[in-house]
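K.L.:
Sequence lines, in order, name chains Y and H. Each residue of the first sequence is one higher than the one before, counting from 772 in our numbering. Each residue of the second sequence is one higher than the one before, counting from 4 in our numbering.
Think of the hints as simulated: they come from the structure by calculation, not from any bench. Hints are not guaranteed to be accurate.
[Said to hold, decoys possible] Facing chain H, from chain Y, some residues (calculated, C-beta under 7 Å): (1) R860; (2) R953; (3) G957; (4) E960; (5) A964; (6) G969; (7) Q978; (8) S1045.
[To be verified] Pairs of lysine to aspartate or glutamate residues, derived as EDC-like cross-links and limited to a Cα-Cα distance of at most 16 Å, are as follows: (9) H:K94 to H:E83; (10) H:K217 to H:D238; (11) H:K247 to H:E14; (12) H:K94 to Y:E901; (13) H:K163 to H:E153; (14) H:K74 to H:D21; (15) H:K94 to Y:E1062; (16) H:K74 to Y:E913; (17) H:K214 to H:E245.
Heads up, the beta-carbon is just placed ideally off N, CA and C, and yes, glycines get one too.
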Amino acid sequence: MDIIQILSLALNELVAPMTVGYILCAIGLAVHFGFTGLLNFGQAAFAALGAYGYGYAVLVFGWDLWGAILFGLICAMAFAALLGIPTLRLRADYLAIVTIAASQALRFTVGSSTAAPITGGSAGQSQFGESFYALNPFPEGEYNLGTVTLTNLELWMRVVAWGLVAIAALFVFALTRSPWGRVLKGIREDEDAVRALGKNVFAYKLQALVIGGSIAAFGGMVFVMSSQANEPTNWGTNFTFITWTILLLGGAATILGPIVGGMVFFALLTLIESFLEILVNAGLLPFLLIEQVAQIRFLLVGLILMLLVIFRPQGFFGNKKEMQFNG
Amino acid sequence: MANDISVGKAEPGCKKIDPILVADNVTRQFGGLTAVDVKHVEIPRGKITALIGPNGAGKTTFFNLLTGFDKPNTGTWTYEGKDLAGMPSYKVARLGMIRTFQLTKALSLLTVIDNMRLGAQGQAGEGFFKAFIRPLWSANEKRITAKADELLTRFKLDAKREDYAAALSGGQRKLLEMARALMSDPKLVMLDEPMAGVNPALTQSLLEHIKDLKNNGTTVLFVEHDMHMVRNISDWVIVMAEGKIVAEGPPSQVMKDQAVIDAYLGAHADTDLGTVAINKIKVGK
Ligand SMILES: Nc1ncnc2c1ncn2[C@@H]1O[C@H](COP(=O)(O)OP(=O)(O)OP(=O)(O)O)[C@@H](O)[C@H]1O
Ligand SMILES: [Mg+2]
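Construct the complete structure from the given sequences, taking the supplied hints into account.
P.N.:
Okay, here's the thing in structure tokens:
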């Protein structure tokens, strides 16, 4: 593999649907954590519910695209309400505990054989994208975008995915610049102070949880749509962890942060993997097997994240004063 | 002694001619400790009432109970005739009863002006759907911003308008919190040690501001350790000690009250309280 190949691989990762799936989840998490101060450690579950809800509506109800999207959204919103209503009146850490536990429970439930008639069990769902790809306006053929060549369907997938990112970013931008967003930021700083000013803090926190979860549901749908395969293993704690990394990399209380953070994260991951492979193949890293590279790259990413926390805690875009790791 | 606030003699739990807040049998225990044990108290409408008492007397706890930030073990209280017991704190605030905190709660990573704007109530733009439609709230935003700027000038914070509240000094944060509380034109403001840490030169102008509030019909209830301030602006003084109301009356009268002197200085002192700064004195039994 030469440098050009490596770079083009990395560039492809920049815009890949999987990257977008994470970016959308990170934008949702920015609403939760960056703007409201909610500690949600189960973003994977919101994404999973979006994906499973969509798949279920298509495969079982036989619904079309719009109905299926709506169903996926409703699943994620209901989950937000289910977790939020009992915990959002309590101290902040309760939400953290409940989301992490619920997302693990959800993942094992959807993957179990008992749930197989609904979720497809450990095999998951597949071939649910027909109505989505049927809308593809691009004529058949190959599309060359600089370094990568895409089929018309791949192009369509990317256009829709990035369109969703743009919509989500504008949506959150509009919200955070409104008086509504000001209340959220107030809650992030000190919810008792906001209560004392006559705001129904619980209702705002619940709204924020539902909205961030809904954006993550779109992320989940995008995540599984390009491969048309939705497997329970997608939605492990890894998924949530990567989403957090992306958010913190870019800047938690920003809109551009999660977008650029996601792109940088996956480009970096690919670059690190490729370089490690080159080094291993050249015999420069005798302690490492080529199969271990995929694992070790996360270690390096973790290291980079640590350095970032130490030297730039506000992320790429964050205003140092406004947002540090102080949820 | 006759006065124009209480019905009859000024004594602990006395009836007021025109009360805005009436509390009965409010108690709060922390483990074995009874922090608040108020049999009956009435806060006169349109007056400035000081709530004083030694450290740990239960003043802040009483504030927390009245405003829904803490739950009492027993008790009922009404504000403007409405029963408030069990009402969540944000609803209490919406009724026009706004409190500040002894441990200042400036919203650190909001700018000073945003802190102020947040204080305004009934903003259409604070609703989720209306938030998207700027014309629905931009006029109101302008109005509250103008009002906020006026208050900031008054509180000498106008130069800090665009700074994060985190960048303010302790005294400035106190001022900001008080100014923010006034954004909603409360009917009853409850200030927990508003002058603690505020520069004496500014104190004078704030005292004037508090008097102005009264002239505009706002009722003020404040906790304060500085007896000069208490003397200077309050129409009525309520004294708490060990959770109970031990004395009530006009300032001049209360300062001479033996129960008050006992509460603050211990039974054997015989000093006129007006002459000492009470927060410097160790509480005796
Ligand atoms: N959350 C709590 N848990 C346990 N005890 C408490 C709690 N809050 C207050 N107390 C106790 O209740 C008593 C009254 O406290 P409070 O804060 O109301 O006093 P205060 O009159 O406001 O005093 P200060 O003038 O020092 O502010 C104190 O003895 C205090 O230790
Ligand atoms: Mg106190």
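K.L.:
Now tell me if each hint is right for this structure.
P.N.:
Taking the hints in turn, this is what the structure says about them:
1. With a cut of 7 Å, the hint placing R860 (chain Y) at the interface with chain H is violated, because the nearest CB-to-CB distance is about 10 Å.
2. Taking 7 Å as the C-beta cut-off, the interface hint given for R953 (chain Y) holds, the closest approach to chain H being about 6 Å.
3. Annotation: interface hint on G957 (chain Y) holds; nearest CB of chain H at approximately 5 Å, less than 7 Å.
4. Evaluation of the E960 (chain Y) hint against chain H yields a held restraint, the C-beta minimum of about 4 Å falling below 7 Å.
5. A hinted interface residue such as A964 (chain Y) counts as satisfied when its beta carbon comes closer than 7 Å to some beta carbon of chain H; here the least separation is about 4 Å, so the hint holds.
6. Annotation: interface hint on G969 (chain Y) holds; nearest CB of chain H at approximately 4 Å, less than 7 Å.
7. Checking Q978 (chain Y) against chain H: minimum C-beta separation of about 6 Å stays under 7 Å; hint holds.
8. Proximity of S1045 (chain Y) to chain H is violated relative to the hint, the smallest CB-CB distance being about 40 Å (cut-off 7 Å).
9. As the CA atoms of K94 (chain H) and E83 (chain H) are separated by approximately 14 Å, the hinted pair is consistent with the 16 Å bound.
10. For the hint pairing K217 (chain H) with D238 (chain H), the CA-to-CA distance comes to about 10 Å; that is within 16 Å, so the pair holds.
11. Of the supplied pair hints, the one linking K247 (chain H) and E14 (chain H) holds, its CA atoms being roughly 13 Å apart against a limit of 16 Å.
12. The straight-line distance between the Cα atoms of K94 (chain H) and E901 (chain Y) is roughly 51 Å, outside the 16 Å bound, and the hint therefore fails.
13. Distance hint between K163 (chain H) and E153 (chain H) is fulfilled; the C-alpha atoms sit about 13 Å from each other, no more than 16 Å.
14. About 27 Å separates the Cα atoms of K74 (chain H) and D21 (chain H), which puts this hinted pair outside 16 Å; it is violated.
15. The hinted pair formed by K94 (chain H) and E1062 (chain Y) fails the criterion: a straight-line CA distance of about 60 Å is larger than 16 Å.
16. In summary, the hint linking K74 (chain H) to E913 (chain Y) is not supported, as the alpha carbons are separated by about 68 Å, beyond the 16 Å threshold.
17. Of the pairs offered as hints, the one joining K214 (chain H) and E245 (chain H) is violated, with about 30 Å between alpha carbons and a cut-off of 16 Å exceeded.
Of the numbered hints listed earlier, those contradicted by the structure are 1, 8, 12, 14, 15, 16 and 17.
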